[in-house]
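Visitor: The residues making up each chain are set out below.
Number of protein chains: 2
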Amino acid sequence: MDQSIITYLTENREKHLAELKDFLAIPSISSLPEHKEDVQKAANWVATALEQIGMENIKVHPTKGHPVVYGEWLKAEGKPTVLIYAHYDVQPVDPLHLWESPPFEADIRDEKLYARGASDDKGQGFMHVKALQAILETTGTLPINVKFLIEGEEEIGSPNLPAFVEENKELLSSDIIVISDTSMMERGKPTICYGLRGLCGVQIDVKGPKGDLHSGLYGGAVQNPIHALVEIVNSFHNKNGQITVEGFYDQVAELTPAEKEAYLALGIKDESFINQLGVTEMFGEDGYTTLERTWVRPTLEVNGIYGGFQGEGIKTVLPSEAHAKITCRLVPDQDPDTIVELLQAHIKAHTPSGVTVEVSLFDKGAPFVTPFDHPAIQAAGRAYEKVYNVPTSFTRGGGSIPIVATFDQILEKPVVLMGFGLPDENFHAPNEHFHLENFDKGMETLCHYWFELEDSL
Amino acid sequence: MDQSIITYLTENREKHLAELKDFLAIPSISSLPEHKEDVQKAANWVATALEQIGMENIKVHPTKGHPVVYGEWLKAEGKPTVLIYAHYDVQPVDPLHLWESPPFEADIRDEKLYARGASDDKGQGFMHVKALQAILETTGTLPINVKFLIEGEEEIGSPNLPAFVEENKELLSSDIIVISDTSMMERGKPTICYGLRGLCGVQIDVKGPKGDLHSGLYGGAVQNPIHALVEIVNSFHNKNGQITVEGFYDQVAELTPAEKEAYLALGIKDESFINQLGVTEMFGEDGYTTLERTWVRPTLEVNGIYGGFQGEGIKTVLPSEAHAKITCRLVPDQDPDTIVELLQAHIKAHTPSGVTVEVSLFDKGAPFVTPFDHPAIQAAGRAYEKVYNVPTSFTRGGGSIPIVATFDQILEKPVVLMGFGLPDENFHAPNEHFHLENFDKGMETLCHYWFELEDSL
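Going down the list, the protein sequences come from chains A and B.
According to UniProt numbering, the first sequence is numbered sequentially starting from 1.
According to UniProt numbering, the second sequence is numbered sequentially starting from 1.
None of these hints come from the bench; they were simulated from the model.
Accuracy of the hints is not assured; some may be wrong.
The list makes no distinction among identical chains, and a pair is therefore deemed to hold if it is satisfied within one copy or across any two copies.
Distance condition first, Cα-Cα at most 27 Å in a straight line; then the derived BS3-like pairs of lysine-lysine [as the list claims (entries may be wrong)]: (1) 207 x 364; (2) 364 x 189; (3) 207 x 112; (4) 348 x 112; (5) 315 x 239; (6) 413 x 207; (7) 169 x 75; (8) 112 x 364; (9) 207 x 315; (10) 112 x 239; (11) 269 x 79; (12) 239 x 210; (13) 315 x 189; (14) 348 x 315; (15) 386 x 315; (16) 112 x 189; (17) 348 x 239; (18) 59 x 269.
Fair warning: this is a prediction, and the values are worked out from it, not measured in the lab.
Make a model of the complete structure from these sequences and hints.
Guide: Written out as structure tokens, the structure reads:
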């Protein structure tokens, strides 16, 4: 890659930061109806920015909610096409009094840019625009074809994106999808997350007597809905931390030896988790390490349980109802629909007599993994290494990013998560910020990546 | 018994009701500090009423809270002595707008006396005073010796009564204790409750990680406090409804064949419970009937459970804490202290690794039973039958009345519960009332009882 690209980025740094501050000044909070116009304004800002760097076929697509911005540059004939996803909407800012500088007046302190959206995700989206501009202005062309898809509803769960992607499959077709909306493991440690867990969940509502009963008058003679719920919930795991729902593990892909080795090489010890979380010990499925348990093994967790009296002291009630909220984190190749069916069958089989049980379903998301040795993943690793001068960590994530599964499933192309945030940058919280070190190095990395990709795919 | 006593009651009915209305007009709500003077006023009213019928040694004893009123008549040499307990305090009256007539302006509609305290317990206490007056004024003497103990803190759990009883054992010594503060099974069916269950309880607080965790990032690698709590709670019972806490049943007195037969003779069918409670079936300890399960078998019920997210939908949290509130109903000869120790040992033995558990204790109360065939119980049965002309039902209660256990344990004398309320008389609720049928028949029954007792003990 031509050194002049880096020089361009260095020379235009102040200009870029000023532009980003403009972008960050728009309070595009997607969850608040009173900011609807601001969200539209941010969409227009993005469209203009894409136009200014030479993207074409730019359109602000309306949806039932906030718009999706599209733009493309497809002049690299015979070269791979990359779909870049980002979002221009942000989280609310309350509690406002905890912010050290106003959330929509970006402020640089100690080489960190403070503003709502600085890291999640306006800052990271903006880097993509400027990295491509640097290559275009310096070399007059790009080593790859590019399509931008920048939405305005990520912070409210992207309710309209799946339909948009489904309806625009052709427009969005590409060889790979690149998303910069995640974090590096720690400062100076470039990280590519190549897999995420999926999600499905159920709520269990146990009903017993038609009203709360006096535990003295009826205790011992009526099935207590809490007892019944506890019996069901306790049946989900055995003492070894394994999930006992029949068939639950049937579709789970086993970890490859190469991946197992890569995780061990990260050198993460249980002691650091124990200290950080304040637990007496780590606990989970027998035969797996903590990283494996959170990255490549499925889970079933009770997120909430409630029934009866919760106040101070005692109320001798035998309650009418008891409830539990349960989610499973899923790994390839588990299918959320299948797992939900297994859960329902398990609950039915383990419901004791004397109560009725209703099961309702929560939103589902498929697990995702881009093969560890995929050329697009390996090329991203090399790009990072050129800038950060340390080996790239290849990780998977325990959480779920619904849009990733959306792309994976609808567009059926590898997704590459190249995140430049840091875990302590207060996403969704007061004083969100972005380390400018990663703003600079991140853009350099992206430039390298496009050249690495040129001949890799 | 001389018929003139009954005639006296009939002739003075209007006068008695007017006096009772005076008593009911005093808003002696023990739980509300602003009614402290009213409670004192009610105590003085009781003292005056006792004086007017010829009781002696009357004293309004101050306590740390509301006063205890004492009075006695001990001129029946060689005859049994009865301690009569009642309470002159009442429950609050909110929500006031649900009352059809003002709670402290007693109103008779459809032969029911509506007022707060009409049934619980001013009305029933007043009946004792007037029944004795009827005998005294008609015959000039009493067939028994009498001591009155009328307190003003029953509705707040009698916090100062145990100490008063302990300090005044000599003053309160008697052959039996009679309490009229319970209900008949149904209209026209006189009932003597000769046993009540005791109570003890624990709160289980499970602590895991120091803060709530993201179930995606840490799910599967940390012991979930809800899972741990559910494992503990589920260990308390087996599938047959039996309590599996080691030693739990060791002190339980077995039901005598006579009692078993008496309960069957009540002819109460599970169907009526099922309809009333809206359950699909009755459920409990194998080998016992519903009445046995609620009257003579101990229980362990979870009264409340809570941890994690309880709102609409889902929050993928792995919570830091989970809690359960548990009470046991105890039967003779279980000792609450022993049972609490067994519970603590059981919880300790069933706590899974990865969490810490704290157990805190709730108030305890001993179970009580006056032997079914005790002469004082049988005499009470005969007294009822003389007035109601149907066989008396001998029952036990599943609940706990702490003062009963207090008397049983400190004074060590048989307690006879002669209740004249009905289950639908809205104790503690708006439109509390008292069926005047039982006001009239109840006083007659009490008069008969004192004569039945004269030669029974």
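Visitor: Given a CA cutoff of 27 Å, do residue 239 and residue 210 count as a within-copy pair, a between-copy pair, both, or neither?
Guide: between (35 Å within a copy, 23 Å between copies)
Visitor: What label fits residue 315 with residue 239 when the C-alpha limit is 27 Å: within, between, both, or neither?
Guide: This pair counts as between: shortest inter-copy Cα distance 26 Å, intra-copy 32 Å.
Visitor: Have a look at residue 59 and residue 269 and pick one of within, between, both or neither, based on CA distance no larger than 27 Å.
Guide: neither (48 Å within a copy, 74 Å between copies)
Visitor: At most 27 Å between CA atoms: does that hold for residue 348 and residue 112 within a copy, between copies, both, or neither?
Guide: This pair counts as neither: shortest intra-copy Cα distance 53 Å, inter-copy 50 Å.
Visitor: Checking an output row: residue 112 and residue 364, CA cutoff 27 Å. Within, between, both or neither?
Guide: neither (36 Å within a copy, 60 Å between copies)
Visitor: Within, between, both or neither: how does the pair residue 348, residue 239 come out at a Cα-Cα threshold of 27 Å?
Guide: Cα proximity of residue 348 and residue 239: in one copy and across copies (22 Å, 16 Å).
Visitor: When no copy is specified for residue 315 and residue 189, does a C-alpha distance of 27 Å or less occur within a copy, between copies, both, or neither?
Guide: Neither, since 54 Å and 30 Å both go past 27 Å.
Visitor: Is the C-alpha distance from residue 413 to residue 207 at most 27 Å within one copy, between copies, in both cases, or in neither?
Guide: So residue 413 and residue 207 fail the 27 Å test inside a copy (45 Å) and across (43 Å) alike.
Visitor: At most 27 Å between alpha carbons: which applies to residue 112 and residue 189, within, between, both or neither?
Guide: Within one copy only: 17 Å inside, 82 Å across.
Visitor: First find the shortest C-alpha distance between residue 348 and residue 315 inside one copy, then the shortest across copies, and answer within, between, both or neither for a cut-off of 27 Å.
Guide: between (30 Å within a copy, 24 Å between copies)
Visitor: For residue 269 and residue 79, with the copy left unspecified, which applies at a CA distance of at most 27 Å: within, between, both, or neither?
Guide: neither (42 Å within a copy, 82 Å between copies)
Visitor: What label fits residue 112 with residue 239 when the C-alpha limit is 27 Å: within, between, both, or neither?
Guide: neither (47 Å within a copy, 60 Å between copies)
Checked against the numbered hints given earlier, the structure breaks hints 2, 3, 4, 6, 8, 10, 11, 13, 15, 18 and satisfies all the rest.
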